[in-house]
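S.K.: The listed protein sequences correspond, in order, to chains A and B. The first sequence maps to residues 0 to 847 in numbering that gives the first Met the number 0. The second sequence maps to residues 0 to 111 in numbering that gives the first Met the number 0.
To be clear, the hints were calculated from the coordinates, so they are not data collected in a lab. A few of these clues could be false.
[Said to hold, decoys possible] List time: in silico BS3-like cross-link candidates among lysine-lysine, alpha-carbon distance up to 25 Å:
1. 16/B / 565/A
2. 33/B / 554/A
3. 565/A / 33/B
4. 224/A / 62/A
5. 25/B / 108/B
6. 84/B / 575/A
[Stated by the list, open to error] To give an idea of the interface, some chain A residues facing chain B are shown, with a C-beta separation under 10 Å as derived from the structure:
7. 519
8. 522
9. 524
10. 566
Treat the numbers as computed from the prediction; the structure is a model and nothing was measured. Yeah, the Cβ is synthetic: ideal placement off N, Cα and C, and Gly gets one too.
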Amino acid sequence: MVDVELRAKRDALEYLWRQGLSGQPLLHRHSQLIDDYLVGLFNNCPEANEDMSLVALGGYGRKELFPYSDIDLLLLHAPEAEKLLGPVTEALLYPLWDAGLEVGHGVRTIAACLADARQDFFFQVALLDARYLAGSVPLFNSMHQAFHRELIAGHRQEFLQNMMQHRNERHQRYGMHSYQLEPHIKESRGGFRDIQAMLWVSHALFGLQELRDIEEAGLISPQEKEAFAQARDFLIKIRNRLHYLSGRKNDQMFFEYQEEMAKAFKYSDTRGALGVERFMQDIYRHLQTIATTTDLFFEHVDETLGAPRANPVEQTLEPGITVRQDRLHLTDQALIEKRPHLLMRLFAQAGKTGLEIHHRSRKIVTANLHLVDDRLRHSKRMAKAFFDVLENAQDVQSVLSVMLDTGLLTAYLPEFEQIRALAQHDVYHVFTVDRHLLQTVAELKKLSLSKTPFAGVESPHVLSLAALLHDVGKGYHEDHSQRGSELAAGIGKRLGLTEAETACLSFLVEKHLFLSVTALRRDLEDDAFLRQCAEQIQSPERLTMLYLLSIADAKATGPTAWTEWKGALLLEISLKIAHLLERKDTVLPDKSQGADWMLEQVRALLGKEAPADYGILPEEYLLSFPPEEVAHHLKLREDLKNKQQAVIEPADSTLFWSVLIMAHDSTGLLAKICGTLALHGLNVVSAQIFTWEDGTAVDMLNVRPAAEQTYAEQDWRALGEDLNLALKNRLGLSHRLVDKFRTALRSPGQKNVQAAPRVVIDNVASEQYTIIEVFANDRPGLLYDITRTLADFELNIHRARISSDGDQVVDVFYTLDSFATKINSPSFQQEVSQALLHIAENLGAVKQ
Amino acid sequence: MKKIEAIIKPFKLDEVKEALNEMGIKGMTISEVKGYGRQKGHKEIYRGAEYIVDFIPKVKIEIIVDAGMVDAVVTKIRETANTGKIGDGKIFVLPVDEVIRVRTGETGKEAI
Chain A
0 MVDVELRAKR DALEYLWRQG LSGQPLLHRH SQLIDDYLVG LFNNCPEANE DMSLVALGGY
60 GRKELFPYSD IDLLLLHAPE AEKLLGPVTE ALLYPLWDAG LEVGHGVRTI AACLADARQD
120 FFFQVALLDA RYLAGSVPLF NSMHQAFHRE LIAGHRQEFL QNMMQHRNER HQRYGMHSYQ
180 LEPHIKESRG GFRDIQAMLW VSHALFGLQE LRDIEEAGLI SPQEKEAFAQ ARDFLIKIRN
240 RLHYLSGRKN DQMFFEYQEE MAKAFKYSDT RGALGVERFM QDIYRHLQTI ATTTDLFFEH
300 VDETLGAPRA NPVEQTLEPG ITVRQDRLHL TDQALIEKRP HLLMRLFAQA GKTGLEIHHR
360 SRKIVTANLH LVDDRLRHSK RMAKAFFDVL ENAQDVQSVL SVMLDTGLLT AYLPEFEQIR
420 ALAQHDVYHV FTVDRHLLQT VAELKKLSLS KTPFAGVESP HVLSLAALLH DVGKGYHEDH
480 SQRGSELAAG IGKRLGLTEA ETACLSFLVE KHLFLSVTAL RRDLEDDAFL RQCAEQIQSP
540 ERLTMLYLLS IADAKATGPT AWTEWKGALL LEISLKIAHL LERKDTVLPD KSQGADWMLE
600 QVRALLGKEA PADYGILPEE YLLSFPPEEV AHHLKLREDL KNKQQAVIEP ADSTLFWSVL
660 IMAHDSTGLL AKICGTLALH GLNVVSAQIF TWEDGTAVDM LNVRPAAEQT YAEQDWRALG
720 EDLNLALKNR LGLSHRLVDK FRTALRSPGQ KNVQAAPRVV IDNVASEQYT IIEVFANDRP
780 GLLYDITRTL ADFELNIHRA RISSDGDQVV DVFYTLDSFA TKINSPSFQQ EVSQALLHIA
840 ENLGAVKQ
Chain B
0 MKKIEAIIKP FKLDEVKEAL NEMGIKGMTI SEVKGYGRQK GHKEIYRGAE YIVDFIPKVK
60 IEIIVDAGMV DAVVTKIRET ANTGKIGDGK IFVLPVDEVI RVRTGETGKE AI
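Here chain A stands alone, though its shape is the one from the complex (with noise of 0.2 Å):
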């Protein structure tokens, strides 16, 4: 029996490979094997004649054969020969059915051939590689020469559409989540398949046949073709292995082979790392070479070929970038030397604009990483372009993608290169640990359009920095949080960050999993529990990065990893936190104990200092602030007696300026205090404001400066001073702060679109005060129109909340009227809101 004989000759194949012989040479003795046991049969077989030829196809025709490939064949053969093929391909292929292999085949005459090629693109590329096997020679030239007259020459540009139509498809098919976790090594991106479009690209257009061959005609460069060859072959090995392994062509990665896979290819475990994950590690980075080099090869050539783009004029961005239809072009090496920032100022005018960068600009960021240097890195400029790119960016995942492919990412953030396609061998965690990092910062920019009880936060940069380093410290043998915590304290410091939002950043990146465990594991009914969830997380601010980075992390990760059922817990415990954060946004009274309790601990404070009209201390003002800071205010309210000026203290807590204002109260008060804020150059984020019985104002302001000023520049004397000229009426707010913002209220500017403002007025949501929210479109001295608005109606404001969303401020004030009732009558209510909305839509600016 013939068979036999296959079968112990491939036996021997697989001997040979558990020997050792891998690779290339591999592929071409099993090739050869085929090759000559094929040869045999057709010179043996008595019917096979000179009007028929064998011939190999695709990746047998290549010499390529993996040990379980199909075997592709054709028979050629002129017309006469049609009564005896019959016979013929009985001889060819019982032999190789009998043997186990997967055999294509065909049987078709030269006009056969070319009118399938036309029809079937597989086919047609299947034919490219179409090797002459045995009969008749000059059959088999007619058929070649024929394909490449009729289906090359005069459709090159056809053929390559049809080539990257079919690639982009291929990419959409094995892009999804179960092709991330088990990479599929020939369809996947960056698998063969993407290395044979690019040779069958350059074979049938520039008659290119080797890789060697696009590198010297200026295709590839030669870095890129070595990495390409390496990649290529590691690959090859792998797929050597896993058709062994699995004992059937399977091409993809399975789980189940993955860890005996890295074994054999002696990964072994590390204190960080697995070593599946190593060895997922470099599959994954040898595919995104493939995949980052065709992906320049055929963006290259398809602009070398394909007909000009429209819009053809050329436009200036900034000194170095340009647009050229429609893509952006760095133009100019010298200036890229001087100033390399502009490698980062690429990618925010790609995320600004929403362009893509042009291939050739992409290799010129490569090609100049060795700029980034630990000075770059220090560079505030090259930080400001690189948050603009987090905070801006139209499509802020595919510029990050760019910006890891170039190697710029983790060029100047070197921390990411430990985790660069870093695997988890987990079911759970489908991405690999960069791109998980990625998506996070793009789930995250959905999540900040999209309504949620938390949405607004004041240092977005810092919560995207936080998205994008939350797992930075993976791979290493500590815990992940506490390591990536530490390591995103050196990245703030280094990116200029102040030092409260580098706090916040290694607090988030340390705590980014604290909510969703806690929601899973821990009973949300145990206040004291809570109380202490509460501590940890110290303000609403930070509660509110927290619960979005992880919905963002969650979603990142995989199908099974967020889900209604998980969202509903994480709400459940934010929202359980936040209203104990919302009492007081610092330290935490304990609420158990009252208010009478507070007194005690007041007056044990104060001794013999204690004043005697506790009284006038209202209840929710005596559970809004710890004891100390209680005792602290009664002392500060003798000064305000004695001197009969207002009070100011400022302080640098965490993430704002903190700043208590003391002073009698008085209509129009926390309006006075807005403008003159806005004078010196300091947004208000939320204020609280509590007015004791004896008349005594205390307002306690959060605030943020509007330029880059540090807290000691801040001129705050001056700014005492000038309040206390506001509260006598010898400060025209006005007319100052028109004069102050003119030139920012003028610019006409390309505003964006905007949403149009509302007010809203809700009786409901607060059992005490009525909630009026301003949703108007931001500009300097709103803050003071608004309040003074206010005023004028004899509303007075309990409590304050400002949040930016994008453009976009929303104004909550807590309300009630001169009477201390809520506004209940309607038309009251409509004529408040009319006056507010005049305000609001008011773009001009600050009036009368």
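Starting from the known structure of chain A, fit chain B onto it as the hints suggest.
M.R.: For chain B alone, coordinates are given in the frame of chain A:
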């Protein structure tokens, strides 16, 4: 043979799993479920906006045991999952006609 279905609070899962393991019960099916009951969904108000949580997340454990074990298992789950507050969950006991292990074809007690 009986099937025991227990609906419990999510954070009690680890404890219950451990307690059952100690009793020698190694296999169970666990799913995330949503429910309504006496612990109704609720409305949360935060910063002036309303958020309605219209279902309560729970965990469902399913175990098949020999009839003789039922009381002990039910008691153990009840003790472990109890917090004394509303929403602790419910336990159902259902009859099971037959159990077949797919791999071997074993049936009855052997297949549990």
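S.K.: Now look at each hint and say whether the structure bears it out.
M.R.: Here's how the hints hold up against the structure:
1. Taking the CA atoms of residue 16/B and residue 565/A, the gap is near 20 Å; set against the 25 Å cutoff, the hint holds.
2. Distance check on the hinted pair: residue 33/B and residue 554/A sit about 20 Å apart at the alpha-carbon level, within 25 Å; holds.
3. The straight-line distance between the Cα atoms of residue 565/A and residue 33/B is roughly 10 Å, inside the 25 Å bound, and the hint therefore holds.
4. For a cut-off of 25 Å, the pair hint linking residue 224/A to residue 62/A stands: about 21 Å separates their Cα positions.
5. Pair hint residue 25/B plus residue 108/B holds up; C-alpha atoms about 14 Å apart against a cutoff of 25 Å.
6. The hinted pair formed by residue 84/B and residue 575/A meets the criterion: a straight-line CA distance of about 17 Å does not exceed 25 Å.
7. Evaluation of the residue 519/A hint against chain B yields a held restraint, the C-beta minimum of about 5 Å falling below 10 Å.
8. At a threshold of 10 Å, the smallest CB-CB gap from residue 522/A to chain B is about 5 Å, leaving the interface hint in force.
9. Checking residue 524/A against chain B: minimum C-beta separation of about 6 Å stays under 10 Å; hint holds.
10. Checking residue 566/A against chain B by beta carbon gives a least distance of about 9 Å; that is within 10 Å, so the hint holds.
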